[in-house]
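Undergrad: Protein chains in written order, with this note's numbering: chain A, 4 to 330; chain B, 4 to 330.
A couple of the hints might just be wrong.
Unchecked claim - The following label-pair restraints were derived from C-beta to C-beta distances:
| # | chain 1 | residue 1 | chain 2 | residue 2 | range |
| --- | --- | --- | --- | --- | --- |
| 1 | A | Ile237 | B | Asn165 | 32 to 42 Å |
| 2 | A | Lys16 | B | Asn165 | 44 to 54 Å |
| 3 | A | Lys93 | B | Ser142 | 32 to 42 Å |
| 4 | A | Lys208 | B | Ala296 | 22 to 32 Å |
| 5 | B | Pro159 | A | Glu306 | 34 to 44 Å |
| 6 | A | Gly23 | B | Glu203 | 57 to 67 Å |
| 7 | B | Arg21 | A | Gly32 | 53 to 63 Å |
| 8 | A | Leu207 | B | Glu74 | 20 to 30 Å |
| 9 | A | Gly32 | B | Pro159 | 27 to 37 Å |
| 10 | A | Ala88 | B | Thr47 | 31 to 41 Å |
| 11 | B | Asp205 | A | Gln96 | 49 to 59 Å |
| 12 | A | Glu306 | B | Asp298 | 46 to 56 Å |
Hints were generated in silico from the structure; no laboratory data involved.
No residue lacks a Cβ here, since even glycine has one placed at the ideal position from N, Cα and C.
2 protein chains.
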Amino acid sequence: MEHSYSSIRRSQKQLGFRIGYPAKLKRFGQTITQNAITTTAIATLAAQEFGLEENPSSIDVNHADLARVREALKHFVRDWSEEGAGEREKIFQPILRVLEQIPLSAREEARVLVPGSGLGRLAWEISQLGYNTRAVEYSYFMTLAMRFLFSPTSTPNTNSHNIQPFAHWFSHQRSNDSLFRSIPFPDVVPRFSSKLELIEDDFLKTATPYPSKDQAGQSGYDFVVTLFFIDTSINVFSTIEKIYSLLRPGGTWINLGPLLWPGGAQAKVELSLEEVMLAVKDIGFVIDQGGSADDSRRPRTIECEYAHDQNAMMHWVYHAKFWVATK
Amino acid sequence: MEHSYSSIRRSQKQLGFRIGYPAKLKRFGQTITQNAITTTAIATLAAQEFGLEENPSSIDVNHADLARVREALKHFVRDWSEEGAGEREKIFQPILRVLEQIPLSAREEARVLVPGSGLGRLAWEISQLGYNTRAVEYSYFMTLAMRFLFSPTSTPNTNSHNIQPFAHWFSHQRSNDSLFRSIPFPDVVPRFSSKLELIEDDFLKTATPYPSKDQAGQSGYDFVVTLFFIDTSINVFSTIEKIYSLLRPGGTWINLGPLLWPGGAQAKVELSLEEVMLAVKDIGFVIDQGGSADDSRRPRTIECEYAHDQNAMMHWVYHAKFWVATK
Numbered sequence: 004m005e006h007s008y009s010s011i012r013r014s015q016k017q018l019g020f021r022i023g024y025p026a027k028l029k030r031f032g033q034t035i036t037q038n039a040i041t042t043t044a045i046a047t048l049a050a051q052e053f054g055l056e057e058n059p060s061s062i063d064v065n066h067a068d069l070a071r072v073r074e075a076l077k078h079f080v081r082d083w084s085e086e087g088a089g090e091r092e093k094i095f096q097p098i099l100r101v102l103e104q105i106p107l108s109a110r111e112e113a114r115v116l117v118p119g120s121g122l123g124r125l126a127w128e129i130s131q132l133g134y135n136t137r138a139v140e141y142s143y144f145m146t147l148a149m150r151f152l153f154s155p156t157s158t159p160n161t162n163s164h165n166i167q168p169f170a171h172w173f174s175h176q177r178s179n180d181s182l183f184r185s186i187p188f189p190d191v192v193p194r195f196s197s198k199l200e201l202i203e204d205d206f207l208k209t210a211t212p213y214p215s216k217d218q219a220g221q222s223g224y225d226f227v228v229t230l231f232f233i234d235t236s237i238n239v240f241s242t243i244e245k246i247y248s249l250l251r252p253g254g255t256w257i258n259l260g261p262l263l264w265p266g267g268a269q270a271k272v273e274l275s276l277e278e279v280m281l282a283v284k285d286i287g288f289v290i291d292q293g294g295s296a297d298d299s300r301r302p303r304t305i306e307c308e309y310a311h312d313q314n315a316m317m318h319w320v321y322h323a324k325f326w327v328a329t330k
Numbered sequence: 004m005e006h007s008y009s010s011i012r013r014s015q016k017q018l019g020f021r022i023g024y025p026a027k028l029k030r031f032g033q034t035i036t037q038n039a040i041t042t043t044a045i046a047t048l049a050a051q052e053f054g055l056e057e058n059p060s061s062i063d064v065n066h067a068d069l070a071r072v073r074e075a076l077k078h079f080v081r082d083w084s085e086e087g088a089g090e091r092e093k094i095f096q097p098i099l100r101v102l103e104q105i106p107l108s109a110r111e112e113a114r115v116l117v118p119g120s121g122l123g124r125l126a127w128e129i130s131q132l133g134y135n136t137r138a139v140e141y142s143y144f145m146t147l148a149m150r151f152l153f154s155p156t157s158t159p160n161t162n163s164h165n166i167q168p169f170a171h172w173f174s175h176q177r178s179n180d181s182l183f184r185s186i187p188f189p190d191v192v193p194r195f196s197s198k199l200e201l202i203e204d205d206f207l208k209t210a211t212p213y214p215s216k217d218q219a220g221q222s223g224y225d226f227v228v229t230l231f232f233i234d235t236s237i238n239v240f241s242t243i244e245k246i247y248s249l250l251r252p253g254g255t256w257i258n259l260g261p262l263l264w265p266g267g268a269q270a271k272v273e274l275s276l277e278e279v280m281l282a283v284k285d286i287g288f289v290i291d292q293g294g295s296a297d298d299s300r301r302p303r304t305i306e307c308e309y310a311h312d313q314n315a316m317m318h319w320v321y322h323a324k325f326w327v328a329t330k
């Protein structure tokens, strides 16, 4: 950016100076330093856990890696900041309302799997309801950041950390104060527990759990919860089949998300919603049609955003689909 | 897509067959043929006008070219179809309301410049109000498609053409019927006239017009209208300075659009809205603050979309900024 700016003509540099543009570029440099405090701490913790001696800053990174680090920073906002509360309310509540209807006593034995759990807020919320919860996440960009957040050493209390997650894209900004604003996190302090476990693996390789006491020998999860997940599949048929196979007979699949298939012809199939629903039924699920308009299990469209900047002049609004299905 | 699909395992191919996926891929092939009727006609007209003998289908194209052709197809919807009426209403009306307030007699002599005019609907609407209108467009992907539309030979009447502009992206679709739907165009038949001229050039090279009769020797346009334009600038300082220099003293700039700066560090400056407004004032404009809440000239935010698929499960919503400024 400094290089691009340096090539404008002199009279325009004077104009740029009068509106404070060089100061903005300087502030951007400070942002990078500020965000590096968090990213370096994550990398250092990861190096310790993996027993690496190498200095994290000496590792080669490419542009795609950088994009993923920025994505992870935005997930801190979405999952673990006050500012993300509104976004979470829209996408977590439809799921949590279904789980809240199960009697507390039944939750003790019930097992919930959350594939593509990212930084783990939804899985943590589910564990707080009393469910035995397993989060599955394959990407190190997410799991390392999550470990950093769940570690008593790295994250001793609320708002231990500060990031400026929106500073990396100057488009669609109303003001520089908004562009460079700091977001403290976490708003609550999460920890792993006997109720919450992280599995760092490919969801398609996840094992079926052994039968629990009250399941009369039935193996499988009671609930699989997929949030913004199924459309990340290279082969969504495999994903739906795997969800089916992981559930116990009578088990429940709760889904909320859009249909943004992996690009560049990576996806084996790219289905319309109509085709997804046909495949879901063909594989053996029964979609719960719900009853009254306030039935928490009825299929519906949820207008929501994803790891967005609420102050920005551009909003990606998903008309995501929510459904509850039974094996 | 067929290649990706062919690699799934046999039982999944049977599932795919049951939900009609191979038929969808076949329908996609037919879409390409259908859309080629329009694109080939555009290329043939262009070859005639440029006196080329070459068969347009023999020209090498790359992926970026393809993306621009698809963009042009979507612009037919946005600018010239019934389906685009809602989107046009939101972004054209704020501009047209300001121009409608000028007495009819004064419009006869008034001159309006529309940079980045695309397929020309806004410029045409302005010319229909009685203004001498010049549309400026640099991209051949737009100007060739516009000439095709404005030609009595290529486009004899309303709904002469049909395209399936949304078929090229399978994500965010509710149904295949929606994905493959045909959009007829144009909803009205536009023609060039003494009131509407197209300048195929870089806006930054546009000449200032000679003085008109009632301007007492003042040269320059009475209005410059920029819609989704200023943020396409490599150097927005140059763009705003050029708008200023093209207007006659007392002339009016009407702007509506977001701030999505060219990526990949192409843009020399990437301003926040706050900085844009500082630059606009520094260059010499006075922003009209308007009076009452229904004053058509008051600065405001317009929620709008851009060449979007109204049926899709994803919407890019711009909180675009509208203002009227005087030189």
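Undergrad: Confirm or reject each hint.
TA: A quick look at each hint next to the structure:
The hinted range of 32 to 42 Å is satisfied by Ile237 of chain A and Asn165 of chain B, whose Cβ atoms lie roughly 34 Å apart. Checked against the given bound of 44 to 54 Å, the beta carbons of Lys16 of chain A and Asn165 of chain B, roughly 51 Å apart, stay inside it. The hint said 32 to 42 Å for the Cβ distance between Lys93 of chain A and Ser142 of chain B, and at roughly 39 Å that hint holds. In this structure the hint that Lys208 of chain A and Ala296 of chain B lie 22 to 32 Å apart at CB is violated, the actual value being about 60 Å.
Range check, Pro159 of chain B to Glu306 of chain A: Cβ separation about 42 Å, and the 34 to 44 Å hint holds. The hinted range of 57 to 67 Å is not satisfied by Gly23 of chain A and Glu203 of chain B, whose Cβ atoms lie roughly 37 Å apart. The hinted range of 53 to 63 Å is satisfied by Arg21 of chain B and Gly32 of chain A, whose Cβ atoms lie roughly 57 Å apart. Restraint check, Leu207 of chain A to Glu74 of chain B: a C-beta distance of roughly 36 Å breaks the suggested window 20 to 30 Å.
One distance hint, 27 to 37 Å for the beta-carbon pair Gly32 of chain A and Pro159 of chain B, is violated here, with the actual separation near 60 Å. Between Ala88 of chain A and Thr47 of chain B the Cβ separation comes to about 57 Å, which falls outside the hinted range of 31 to 41 Å. Between Asp205 of chain B and Gln96 of chain A, the C-beta spacing of about 51 Å keeps the proposed range 49 to 59 Å intact. Separation of Glu306 of chain A from Asp298 of chain B is about 31 Å and departs from the stated range, judged on CB atoms against 46 to 56 Å.
When held up to the earlier numbered hints, the structure conflicts with 4, 6, 8, 9, 10, 12 and fits the remainder.
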